Every structure is written in C-alpha cells, then in structure tokens.
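K.L.:
The primary structure of each chain is shown beneath.
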Amino acid sequence: MRILIIEDDREAAAYLAKGLKEVGHLADLAQDGETGLEMALDGTYDVLIVDRMLPQRDGLSVIETLRRKNDQTPVLILSALGQVDDRVKGLKAGGDDYLPKPYAFTELLARVEALGRRPKAGGDVATTYKVGDLVLDRLSHTCRRGDKEITLQPREFRLLEYLMQHAGQVVTRTMLLENVWEYHFDPQTNVIDVHVSRLRGKIDKDFERPLLHTIRGAGYSIRDMAD
Amino acid sequence: MTWLTRLIRTTAFKLSLLYLVVFTALSGFLLIYLSRTTNQLMAAQVVQTVDAEIRGLSDEYLRGGVRALVESMERRARQPDASLYLLMDFAGNPLVGNISRLPTVVLEETGSNVRRMRYTRSGAGEGEDSREALVRIFELRGGYRVLVGRDLGEQQRFATVFSDALQFWLISVILMAGATWFFVSQRVMKRIDGMAATSRTIMEGDLSRRLPIAGNGDEFDRLASNLNDMLDRIELLMQGMREVTDNIAHDLKTPLTRLRTRVETALRESGSEAHYREALEGALDESDGLLRIFDALLRIARVEAMSPEAGLDRVDLGALVEELADLYQPVLEDEGGTLTLVAEPGLAVMGNRELIAQGLVNLIENSLKYGRCDEETAPQLEIGARREGDRIAVFVRDHGPGIDSADLDRVSDRFVRLDKSRTKPGYGLGLSLVNAIAKLHGGQLRLADAAPGLRAELDLKPAPAAAAVVAQETNIEAERRKGS
Chain A
0 MRILIIEDDR EAAAYLAKGL KEVGHLADLA QDGETGLEMA LDGTYDVLIV DRMLPQRDGL
60 SVIETLRRKN DQTPVLILSA LGQVDDRVKG LKAGGDDYLP KPYAFTELLA RVEALGRRPK
120 AGGDVATTYK VGDLVLDRLS HTCRRGDKEI TLQPREFRLL EYLMQHAGQV VTRTMLLENV
180 WEYHFDPQTN VIDVHVSRLR GKIDKDFERP LLHTIRGAGY SIRDMAD
Chain B
0 MTWLTRLIRT TAFKLSLLYL VVFTALSGFL LIYLSRTTNQ LMAAQVVQTV DAEIRGLSDE
60 YLRGGVRALV ESMERRARQP DASLYLLMDF AGNPLVGNIS RLPTVVLEET GSNVRRMRYT
120 RSGAGEGEDS REALVRIFEL RGGYRVLVGR DLGEQQRFAT VFSDALQFWL ISVILMAGAT
180 WFFVSQRVMK RIDGMAATSR TIMEGDLSRR LPIAGNGDEF DRLASNLNDM LDRIELLMQG
240 MREVTDNIAH DLKTPLTRLR TRVETALRES GSEAHYREAL EGALDESDGL LRIFDALLRI
300 ARVEAMSPEA GLDRVDLGAL VEELADLYQP VLEDEGGTLT LVAEPGLAVM GNRELIAQGL
360 VNLIENSLKY GRCDEETAPQ LEIGARREGD RIAVFVRDHG PGIDSADLDR VSDRFVRLDK
420 SRTKPGYGLG LSLVNAIAKL HGGQLRLADA APGLRAELDL KPAPAAAAVV AQETNIEAER
480 RKGS
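Chains A and B, in that order, give the protein sequences.
Note that numbering that gives the first Met the number 0 has the first sequence beginning at 0, numbered continuously upward.
Note that numbering that gives the first Met the number 0 has the second sequence beginning at 0, numbered continuously upward.
Hints are computed from structural coordinates only; laboratory data are not their basis.
Don't take each hint at face value.
What the hints assert, rightly or not - Counterexamples of contact, computed for chain A against chain B with all Cβ distances above 12 Å:
1) 1
2) 40
3) 146
To be verified - Partial chain B-side listing against chain A, Cβ under 10 Å, derived:
4) 221
5) 290
6) 291
7) 298
Because the structure is a prediction, the values reported are computed rather than measured.
Every residue gets a Cβ at the ideal spot worked out from N, C-alpha and C, and that includes glycine.
Sequences and hints are given; from them, build the entire structure.
P.N.:
Spelled out as structure tokens, the structure:
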C-alpha cells in the first residue's frame, strides 16, 4: 500500500515509516499541513496517516479540505487528545479512524491495513463472507462451516462478521471493542479474549484446520492458512 | 484618578444626572404651563369685569345723564376691593374717580383696546409706588371720557408665588438629587471597592477568600454569591489539579524508578540476546503501565472539568446495563461464576453513554478483581438499574469481602488502593473516574456494605420521560384549543 504520513514529529514519523516499510508498504513523509495537503492531492495514496496538531495547517483542516475536493482516501487520525469528544470531532471532520497517542505499532498497522483494504465507498458490499469452508450469510444471518450449521448469538455474529470482513488482516482487541461493542476504552480484563475464544469454540472446534488465529502481541486474524 | 473623578464616573452619578435633567425639564414645563394658563384666565376675567362695568356705567349715563353716572361711580369707587374709575370732561380734567395720577398719554386714546398702565390710587400715601392695572377708556356723548380698570396686583402676587415656588422646588430637587447620588454612589463604591480588594487577594493566590455578602439579597449580593460559586468551582478544580500533580510526583516515581533500575541492570549485566530481549519487554510493559496511569489521570481531570451540559444524549440505562452484562457474562462463566441482571425497563438519563458505560465497566472490573473472598470461590455479580424514588440507581454488587466502613470514604480518592500488598493489578484510579463521571451527571457514587459483599451504586437523575413530555404538549394543545 502507498501510505502518506503527515506528522511534524520527525523522529516519530521516521520510526513509523520504517515500521511500515518493513512490512512491505510504501511510506512518504510530510512535515506540515500545507505540504501534506499538496502531496495528498497530487499523489495516489491508499491511506493517509494525519497527526491532529500540525504546523501551518491543522490536521482536521487538511482532512476537511480533502473531503471538500471529493478526495475519499481513507484517513487515520493520530492525536495526543484521546477523549471521547476529540474522537467525535475527528470523525466529523472526515477522518475514518482515530488512534490516540501513544499507540502500539501493531495497533496502528492493523488499523492502517483495515482502512486500506476497506471496500470503496459506493462499491458493492458483499452479502456473504467466505474464509476456507466457513461461510457467513449477512442477509439470512446464518453461518455454516462445511456441512455444519453454526448457531451464533447476535453479538457473536457481529464479531465474526467484523473478523471476516477483515479476513487475512490482523484485528486488534480495541478494534473489536470499538466496532463490535461500540465502546472506546481499554478494559483491564481479558473480556474480548473470552468472547473470541467462545466464538472459536463454535467455528473451529471439531474441525481439523483452525481459521481463527491469535496473533501474539497484536490481536486476532481469521484466515485459511491453505490459501 | 482622584476620589471625585471616580465618583463622577460612577453609573449612579450618570443616572442621577439624567433623572435630574429629565425630571426638572418635565416639571418646569408643567409649572410654566400652569402659571401661563392661570395668568391668561385671570386676565380674561379682568377684561370681562371691566366690560361689564362699562356696560353698567353706559346704561346709567343713558338713563340719568352725567349726574347719575357720577353718583354711580362714586358709589362704586367706595366699595371694598373696588375697580378703578375715572371720569373726565372733554378737556381731560378728572371729575370723579379713585385714581390720583396716571400717565397722560393714556387718556389720548379711546376705543375698545384694553391697555396696561401704571397708576396711583387716590388716597395713597406719599411713599406708595404706582401700581399696574388693566384699563379701558371709552368716550360718552358730550365729550366725557370714562376709564374703568382693574388692579393687577393679585395676579402679580400669584405669579410671584409661582416663581418663588419654582425656585425653591428647583433648589431642593438639585440638593436632594445630589445627596441621593452621593450616598448611593458612596455605598455602591464601598461595595465595589470591597469586592475589588477581595478579588485582588484572591488573584494573588489566596483562593480560600470569598466575596462579602451583605445578606440583604440585592444585586450585589446576587453577583457576589454567583462569583463565590464560581470561585468554589475554581478552587475545586485547582485542588484536583494540585492533587493530581502531587500524586503524579509521588506515585509515578515508583514505576519510573523500577523502569530505570530494570534498564540499568540489563545494561550492566552482560547477557545473551534473550536476556536483553526480556529486559526490553519488561521495560515496555513498565512504560505501558505508566502511560495507562497518565491516561487515567488525564481522563479523570478531563471528566471533572467537563461542563455537564455538553454532549448529553438520552441514554437507556436498561439497555446499557444489559449490553454490559452481555459483554461480561462469558468472563464470569469462564471462572465458574454467575452474573445476574436486574434491570427495570424504561429507565433513561441524560448523559454521555460512553462515560456511563466506562464507569460501570470500572465497577464491574473492580468486582471481578476484588469481589471474592479467595481464589477458589466463584465470583457472583449482580448488575442492574432500578428506580429509587425520583432517582435512578445503577448498581454493581458482588459477594466478596466488601470494604471496611472506615475505608469507604477514601476509597474513591485518587491512587487509593486497599490491597495493601499491591499484588493485584491496578493503579487506584478506577473509582476516582467513576466518581467524576457520577458527578458530571449530577449524581454520586455510593458504596455500601451489601452484607456480604460490596454494593457500588451510581445515583443518577432520570431524564424527563418522553411520555411526560408528550402529555405536557397535549395539555398545551388542549389549552390552546379551549382558549380559541
């Protein structure tokens, strides 16, 4: 993926770019809002990572200008301000995701990849997700693996739906809490793990090949290793 | 700025001046109008009297000739408060009348004109001044001329009374206004100066001072009490900030020192890569912990500083509690425990869903951590929302050892951990946040012994019921229809 990082903290930006390049992405850097906006408008990037507080032009203003010019490139906002109302402001300005600083690199990577592979707006949204022999039908709200019908609770269905929507990618615990439960805080206990392990009990137990994997230090990923 | 210029610049002075000018102008206008109208009325009366006398005298003359006229005039002139009379022959010599001296030019003109002139009444003493009168002169057949007039003394006396009154009145109004302004502005300035002095000491750093309240409920009292409320809030925030700073200094030093020692030890001991790796991972965990403390502290400070009106939505507590139960149920089941949900339907508050949820999650996680007597017993939690009088209580209850009543008050302070050994994870900030969240929603966090166990409860104010609002609107609608 081609990623543009608009961040004025040189060291943080370089570290970020290095990390992204290591996993095979292309990363460009902009140090201030004006340059960032120009580069974003000129280049064809898959994802923009925008810091909120930038010299010359505020991060939110960069995003607003892009959206006014009908540029729909997904934007991940980075901010030292992590409160509920800051998040709402960021998303209102046109951001697609919001990550408060400091963040773990794995968390950022997971979010960037989720944004980059998001179906384009206006495009067709698949009505069925398929990973290996696991099929989730979003219209009839049914799930089956191979020949076996799997009964899911509504919340389990949402969980699996989100995981399968991002099949092959890493999904972090906070991403799950935000997108499946719609809470934006960090629980101290392993509440998400418990839910995932229950889901795993339903879709992977009794099957030879596991599909739902735990990625150590990062989160979860649903994928068929045979692919 | 001198004392006097300050006095003059007061609002009281400007208002007094304005009222003085407006009031004087209005009443001056009224007085002048009255005196002029009275004057005119009196003059008209004089003219009427004079005309009536002339008609009478003419009649006398026509009926009885000069003799009758003279007799009548003499009789009339003798009466008390008599008009002025003078009869002259064609040569202008006075024949009869009660006027001793008058300007000669007056007599040369006859006709219907009423004229003003000065005269001296016959029989008046030497020193007596001439007086003013309104007269009319008419000519009879045979060359006689008759003058009839009325003295204007009364009218002039009246005018003098009026103008005296006006002067006296003006002077007293100005004096009164001045005095009022002086006392009012003195009083006002005293209050303002008092407030200014107090605010200065407050600004210099003595936040415990408050503005004086006189207790008479006037506008200054209201202002002072509002400012005092504001100061209370500022003091609270300042105190919170000071506490946070103190605690940061105090409680963050420990993990920071630990982090430092860990890194230092790893550097000093030469070891394998695995050894370094382990040390680095430890350092990372340590710094994550530090960041979490910072985050929690900032969050508490932020919630405490939030204005209660900002970003409130209707939050269905029943649904929220159910969602959270749904979220934590598996966690408890995994540990062999139970989670019971006791939620009444239709309970709503105006609030921030995210924050209320976070508060409840903190309570639930506390109960998971501390809410059992030992590791073997299965945790039993009860969470719910119910109406209590005109309030709503959202509660989390466990069956653990509870909290000593001595500790109940301080447990929601920042960094307070009752776990003396500090072996369980946590920073002692969870309940502080819950407390701040409860206060933001106009409620409070109550902790009570549930015998056995702890009952933590958020006492919240219900949102105005949707049904009640509709009912009220229907009432208004009905009223309007009835009225029209």
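K.L.:
Give a verdict on every hint.
P.N.:
How the hints compare with the structure:
1. 1: Non-interface label stands for residue 1/A: nearest chain B Cβ at 30 Å, farther than 12 Å.
2. 40: Since the minimum Cβ distance to chain B is about 33 Å, residue 40/A lies beyond 12 Å and the statement holds.
3. 146: holds (27 Å)
4. 221: violated (33 Å)
5. 290: Cβ of residue 290/B sits 6 Å from chain A, so the hint holds.
6. 291: Since chain A brings a Cβ to about 8 Å from residue 291/B, closer than 10 Å, the hint holds.
7. 298: holds (7 Å)
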